[in-house]
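Chains as they are written, first to last, in this note's numbering: chain A, 267 to 491; chain B, 267 to 491.
Think of the hints as simulated: they come from the structure by calculation, not from any bench. Treat the hints with care, as some may be off.
Identical copies look the same in the list; a pair holds intra-copy or inter-copy alike.
[To be verified] Distance condition first, Cα-Cα at most 25 Å in a straight line; then the derived SDA-like pairs of lysine to any residue: (1) Lys396 - Glu385; (2) Lys396 - His276; (3) Lys292 - Glu481; (4) Lys292 - Thr351; (5) Lys302 - Ala393; (6) Lys302 - Leu347; (7) Lys292 - Thr403; (8) Lys302 - Ala418; (9) Lys292 - Ala449.
The model shown is predicted, which means the values in this text are computed figures rather than measured ones.
There are 2 protein chains.
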Amino acid sequence: MTKPMREAYHEQLDEVNGRLIGMIRKTGELMGLATKALLEADLDAAEQAMASDSSINRDQLEIDEQVLELMATQGPVASELRIVTSALRSTSDAERMGDLAVHVAKVARMRYPDHAVPEELRDTFAAMGKAACEMSTKATEVLRTRDLDAAAELAQDDNEMDHLHRSLFHEILDDDWNRGVEAAIDIALLGRYYERFADHAVHIATNVRYLVTGEIEWADSGAGH
Amino acid sequence: MTKPMREAYHEQLDEVNGRLIGMIRKTGELMGLATKALLEADLDAAEQAMASDSSINRDQLEIDEQVLELMATQGPVASELRIVTSALRSTSDAERMGDLAVHVAKVARMRYPDHAVPEELRDTFAAMGKAACEMSTKATEVLRTRDLDAAAELAQDDNEMDHLHRSLFHEILDDDWNRGVEAAIDIALLGRYYERFADHAVHIATNVRYLVTGEIEWADSGAGH
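Okay, chain A solo, but in the shape it has when bound (with noise of 0.2 Å):
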């Protein structure tokens, strides 16, 4: 094979990662979206939202195209099949990270015009939402420059998101509960939300250490609280 044929090859690879990068910048935008919508109650937020995750599907068509006829032209050698497995997790990745941060406007909706989150809880949930959104721009950034450091970094805001969701289980099961069991399990499940969102984050760091080490390790997907 010679040589500019290579080069054009790493060329197009570098396209692919930039729509990847593209791809998880939405899903930030997304959630940020979703969290608007559920702290204001903001109806049209969460419907805008809802609309905006057939971009993120589709763009997860067409990456994982590019990348297959991409290796399927080119017949890439042995450290470059890591490329195809780690953009293809990480496109499925960002493709739950979208329905996660769809599934937070739903619920925003379905209570709508009522607040889905009481008053004493927002914080915490604003706080989650701004750290899955900073989570979102560091695989981004991890993407863009595969530094390991960053991929380190993103496990440990994923500590401080596992904080905040450990704190509205304390918040929810505390005898002065009195928001009722609705509320209570509406809150239990946009908790997860939120944290399976930070872990798809971590997972798409842990698909670049992957690709950059061959490395396999599997980020603990967060069951019980």
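Starting from the known structure of chain A, arrange chain B on it as the hints suggest.
Structure of chain B alone, referenced to chain A:
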């Protein structure tokens, strides 16, 4: 490319499919064990389920690598690219199914020696566990036969799972519910684990339909309740 090479290649693809079927079969066994742990407050079953998930994770790693190596050495034609996408998506679904079964087992372990599920809801969870295991088995059938009617049947089974899932919410949101908030949250999350497990089984069938027809459709991942 000579015919015998292509034949060998197709034999290897069949082997990959067989391993994928074996991986998905394990998720059904794992969910069966986790459901036993849940319904009988059986600590041994819970811990056995938690321990056996690593074998499913290893399957994903090995099958993905085998698919990619095959692809790299054989340079598949366009229609065969879908085999790669479909296989990698399905191992990812099966890996999540294993995680979700482990989540069920973890709730059983967390509440041991108590039962996580109060007596009046055990029949519903038994039905959800049975449906989950059957859907996992049907997903293996769809992979084996590539029968799109069987794939459609799986979507019907998912409606039954959704129905069971909704019935849980009627119970825990009923005015007569007297098991407290913690039990209600356990049940809401457990319900979600079974429902997500079923979604992934449907998604495997969707992957097979994509493989056969080239058409994509996203399974509804069922937020809200």
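Copy assignment of Lys302 with Leu347, given that the CA separation must stay at most 25 Å
neither (40 Å within a copy, 40 Å between copies)
Using 25 Å as the alpha carbon limit, work out where Lys292 and Glu481 are close: within a copy, between copies, both or neither.
between (28 Å within a copy, 24 Å between copies)
Within, between, both or neither: Lys302, Ala393 at alpha-carbon 25 Å
Close inside one copy (12 Å), not across copies (38 Å); limit 25 Å.
When no copy is specified for Lys292 and Ala449, does a C-alpha distance of 25 Å or less occur within a copy, between copies, both, or neither?
neither (29 Å within a copy, 36 Å between copies)
Taking 25 Å as the upper bound on the Cα-Cα distance, should Lys396 and His276 be classified as within, between, both, or neither?
neither (35 Å within a copy, 49 Å between copies)
25 Å Cα cut-off: does Lys302 pair with Ala418 within a copy, between copies, both or neither?
Neither way: Lys302 and Ala418 sit 29 Å apart in one copy and 37 Å across, limit 25 Å.
Intra- versus inter-subunit Cα pairing at 25 Å for Lys292 with Thr403
within (10 Å within a copy, 36 Å between copies)
Classify it for me, Lys292 with Thr351: is the Cα-Cα distance of at most 25 Å met within a copy, between copies, both or neither?
both (21 Å within a copy, 23 Å between copies)
Quick one: Lys396 to Glu385, C-alpha cut-off 25 Å, is that within a copy, between copies, both, or neither?
Within one copy only: 17 Å inside a chain, 40 Å across chains, cut-off 25 Å.
The structure fails to meet hints 2, 6, 8 and 9 from the earlier list, while all remaining hints are met.
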